[in-house]
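Each chain, letter by letter, is given below.
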Amino acid sequence: MSERSSAILEVKDLSVAYATPRGAVRALAHVDLTVPRGEIVGIVGESGCGKTTLISAVLRLLPGNAAVTGGSILFNGREVLAMNDAELRRLRGGGIAMVFQDPMTALNPVLSIGRLMTDVQFREQRSTPEKQVAAIAMLRRVGIPDAESRLDDYPHQFSGGMRQRIAIAMALLTNPSLLIADEPTTALDVTMEAQIIHLLRALRRDFAGSILFISHNLGLIAELCDRVAVMYAGEVVESGPVGALFHNPGHPYTQALLRCDPARIERRTAELPTIPGEVPNLLVPPTGCVFADRCPDTIERCRTTVPVPVSLGPDHQARCIRIDNAAAA
Amino acid sequence: MQPLLEVENLTVRFRIMGLVRQLLVATSRPWVEAVASVSFNLAPASTLALVGESGSGKTTLGRALIGLVQPSGGRVRFEGADLPDRSAVAWKRWRRQMAMMFQDPVGSLSPRLTVRALIAEPLAIHGAGPQDLGAEARRLLGLVGLPADIGGRFPHELSGGQARRVGVARALSLNPRLVIADEPTAGLDVSVQGEVLNLMSRLQQELGLAYLLITHNLAMVRHVSDRLAVMYLGRLVETGPTDEIFIRPAHPYTHALLAAQPQPDPDRRRLTVELTGEVPSLRNRPPACEFHTRCPFAQPICREEAPELRDIGPERKARCHFPLASG
Amino acid sequence: MSAQASDTSLTAGRAAPLVLERRFGALRRLLRDPLGALGLVLVALIVIMALGADILSPYGPNVTNVKERLQPPSELHWLGTDQLGRDIFSRVLVGSRIALWVAAVTSFFSLIGGLALGLIAGYGPRWLDSLLILIFDSIRAFPTVLFALAVVTILGPSLGTIIFIITIFNVPVYARIVRTQTLSLRTTEFILAERSLGAGPVRVLFVHMLPNVIGPLLILASMDVPVVITIEAGLSFLGLGVRPPTASWGSILNDGYAFIRNTPWMVISGGVPLILATLGFTFLGEALRDAFDPRLRKDV
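Residue numbers (the working numbering), protein chains in the order written: chain F, 792 to 1120; chain A, 16 to 342; chain R, 17 to 316.
Isolated chain F, as found in the complex:
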């Protein structure tokens, strides 16, 4: 029971498959992910790695042709996979809040900001003026200048960065225990991106919630997160504290990903590093390690043995059999 209270979200051994006309696609396989209370956990991975499927599963918003084939999702110690409709609505509108990639489409364009911000508090036992005060306070908190006078404005009257701030404010007004931010800065310019990251970091300090931050940008993960999980082909191949993972990456995929980031290459190079090969076809998942086809250090056993997480340090583990070998040798 003590373990339950320490983590707000605990995904254990989660597997999800999509039924397609060509057969079952293994979207997630044995995913473990823990979001401790008050921490920011990043998920990083390239397109098709299963990031979106994972958060859809956590919110129980998987499309109709998807099925959870195993594992469990504990939110606040309660099994999300066993929740009924009423409990799910409470979970989505109260326990977990989402901030999406595109701030333009995430806000209803025909409602004013004030209306959006008071409507989102429908669960609170407050009068409308009280809700307005709360809305204004939250808009100020996320850095909207002249919040009072802008309540009657509509989403299109704000810039992209401001809309994303409003989306964050709306999410926080529901008092979530967990905020899921899915690539929240992808649609923004760099200077605006830096401001949003700064805002999220500041918010974490004073609302003491947890954030699950999904991104493909290693730089943002390093800037913001306490812990990070690296996903590849539907698996979490490595997870750990952000410092340990960036300085001492254990999995060859993490190493390759870090090597590829042009921002980490200090000197100008003519030939940028790449990861040769392609993501495996998950209709026919590899029998052994998912990264074996692209890994520079593949040995025969990689193709036959499914790697289990190997500990590399406190809370730091990677799914690679070669690490085990090295430790044993």
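Incorrect hints may appear among the rest.
[Claimed, not checked] Okay, the calculated bits of chain A under chain R, using three or more residues with CB under 8 Å as the criterion:
| id | segment |
| --- | --- |
| 1 | 115-127 |
| 2 | 130-143 |
[As the list claims (entries may be wrong)] Listed next, with one range per pair, are the computed distances between beta-carbon atoms:
| id | chain 1 | residue 1 | chain 2 | residue 2 | range |
| --- | --- | --- | --- | --- | --- |
| 3 | R | P217 | F | E1057 | 45 to 53 Å |
| 4 | R | F124 | F | R906 | 43 to 51 Å |
| 5 | R | L226 | A | H171 | 12 to 20 Å |
Simulated from the structure, these hints should not be mistaken for laboratory data.
Just so you know, even glycine gets a beta-carbon here, dropped at the ideal spot from N, CA and C.
Starting from the structure of chain F, add chains A and R where the hints point.
Chains A and R only, in chain F's frame:
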């Protein structure tokens, strides 16, 4: 050496109100200047990166150069010859000399055409190329490192990286001297970005291409461009060799852009934000130095007098009263 | 490079089934939808009726037999006879021909006209767009029945007149849809990319725009077929359509209307096929839309 492309005071205006409204509000400026008097040169077989945030006019500038947008002023010379008016039939000749790659790798390919047809399309438009278009399409696919049997697929069946390579093959099919690439790595995974950039630099060396890269991705620009031009509100605010600008940016905006790049190192977190606020609207350009509203180093003169784009060192220019790198 | 080779072999093995799947996937999705399958059956039934009218009909559609007038349904006359003793079943069969013919011809002309005008309005100069929109709106604003009466007065009632009237009213609807799509395609990157390569307006319109607007339009046309059949029946019912003694569902209804108190089967026999045809084409059109709309495809 004669520059391949010479751009002189190029200006692009977009009308923002009709004639009636213009008379009603009695304004003499019924337009916004998306590109305001931009001048630069591009040497053959070199790469210039045009950098700026959304609304800086960099995409409009690229489109004006290839004749998709009508400039309202200035002149553009290609190998010493003036480019004709946009509507002129003569434009078609220039389109063989320069090609453009658009942002969205999949969305910039006509969705109902196969890869083979897409690659042969430019040759068909110009009635150019060898008799056997199929063989030429295969040659181009090989050039960009795609297997020949991909030719029968449709754009939506391609991965982002594959679609981008098809875009490169299309751009190169007419043997251009200059390729204007608008965000060539947008929407691609980081490992695929490297592949595309490596392909582009290999082709540059093999074919002697010049690139005009339009991007906001500074991390990538550093490795692929020779020179950098930074735009803010449709104006150039700094130009110079890429390496030098990265080491010592002169304009405060360039400095802020570089500082805003996320650092993939958890020990080097930036705890402050250098640039606050937003890019002003083109309809309400700030007076004098247009960056003074956000500049951390603004002085009284910055609110009163507009700085010129002036030399601050060999090959370097900046539009600032107090350039950071000159001292 | 070895990775690329493996990718090649993978795509080579997959290419053929992929094409097949694309061709037949839509049909399979169509048949999986029960209403779509029902629509297909109903439409097939009407087509068989129309094509086989000569073989299937037990009597000539215009053969009168005054002795057997206004007979109720019997073994000899499955749907009874009308006031001139004509076999209603035979007339319904022959009438389906007119219904389908009007639907096919008007759909064809409306499609061609709508496509041409819509593409011109969407891609041409702005003044031309404004002019065409003005014309479209004027036609839409005109009361349909009034216009039909005027045209019939000038040209006289005939099948050709009906086709002309319906086409005139359909073209603006189709053209508006094509125009809207053309306008939004105009600023897409792939059209800009083609223009940057030097593609002229003809190539842009016919090679790149047309394939992207025609799909939705065909589906719209199939959903419009029942409307056209109803209009034809309606005009014939008002005496503005086909001339007697030609059998059409509308004229059967019209004939039966006078005897509705004592012999309701005439109205029923003319009305039921009309209802079935309307339902059949509507179901089919909706199912086609769902089957072809890529956003509704789950397997992509």
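These are the hints, each one checked on the structure:
Look at the segment 115-127 of chain A against chain R: 10 of its residues bring a Cβ nearer than 8 Å to a Cβ of that chain, three or more, so the hint holds. Beta-carbon proximity to chain R at under 8 Å applies to 4 residues in the segment 130-143 of chain A; the threshold of 3 is reached and the given coverage holds. Restraint check, R/P217 to F/E1057: a C-beta distance of roughly 50 Å satisfies the suggested window 45 to 53 Å. Distance hint check for R/F124 and F/R906: the Cβ-Cβ separation is about 49 Å, which falls inside the suggested range of 43 to 51 Å.
For R/L226 and A/H171, the hinted distance range of 12 to 20 Å is satisfied, since their beta carbons lie about 18 Å from each other.
Hint compliance for this structure: no hint is broken.
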